[in-house]
Amino acid sequence: MKHKTILLLASLFVVGIACKQFDREFSVNTNIDYCEAQALRTLAIVPSGSEGGIPNSIDGDDVNWHFTSPGSWTSGFWPGILWYLYENTKDNMWKVAAENYTQKI
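Count the sequence shown with numbering that gives the first Met the number 0 and you get residues 0 to 104, in order.
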């Protein structure tokens with residue numbers, strides 16, 4: 000009986016947490032602006048003609064980039080981000096960068 004009571008209380012606790020409303024609103028434009036700013040920083044740090052490959056991840060210090068080869072399953076992530084930015088902003092700069100990195104894969 001004791002185990003059933005504990006299980007019931009734990010279940011109610013999990014359900015209660017899942018039903019909590021958060022005060023933060025999700026703003027698509029705010030998040031796209033953030034992504035655009037981060038991508039601009041990346042393009043400034045990692046030139047498109049980089050011999051290192053395609054940007055893949057960055058260390059916690061926000062300075063040291065890791066690159067992936069064109070054959071890697073993650074090689075399309077960076078060009079994909081650039082294409083999404085172009086699709087949203089219609090800024091030709093994103094299109095040029097996206098085409099450049101897409102050609103690498």
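No wet-lab data here; the hints were simulated from the structure. A virtual CB, placed ideally from N, CA and C, is assigned to each residue, including glycine. The reader is advised that the hints may include incorrect statements.
[Stated by the list, open to error] Derived CB-CB ranges, DEER-like:
{"#": "1", "residue 1": "Asn99", "residue 2": "Trp72", "range": "18 to 24 Å"}
{"#": "2", "residue 1": "Asp58", "residue 2": "Lys103", "range": "20 to 26 Å"}
{"#": "3", "residue 1": "Lys1", "residue 2": "Leu39", "range": "56 to 62 Å"}
{"#": "4", "residue 1": "Trp64", "residue 2": "Ser10", "range": "18 to 24 Å"}
{"#": "5", "residue 1": "Asn30", "residue 2": "Thr4", "range": "25 to 31 Å"}
{"#": "6", "residue 1": "Ser68", "residue 2": "Tyr33", "range": "24 to 30 Å"}
{"#": "7", "residue 1": "Asn28", "residue 2": "Ser68", "range": "19 to 25 Å"}
{"#": "8", "residue 1": "Ile5", "residue 2": "Gln37", "range": "21 to 27 Å"}
Original post:
In ascending order, which of the hints set out earlier in this document are inconsistent with the structure?
Top reply: 4, 5, 7 and 8
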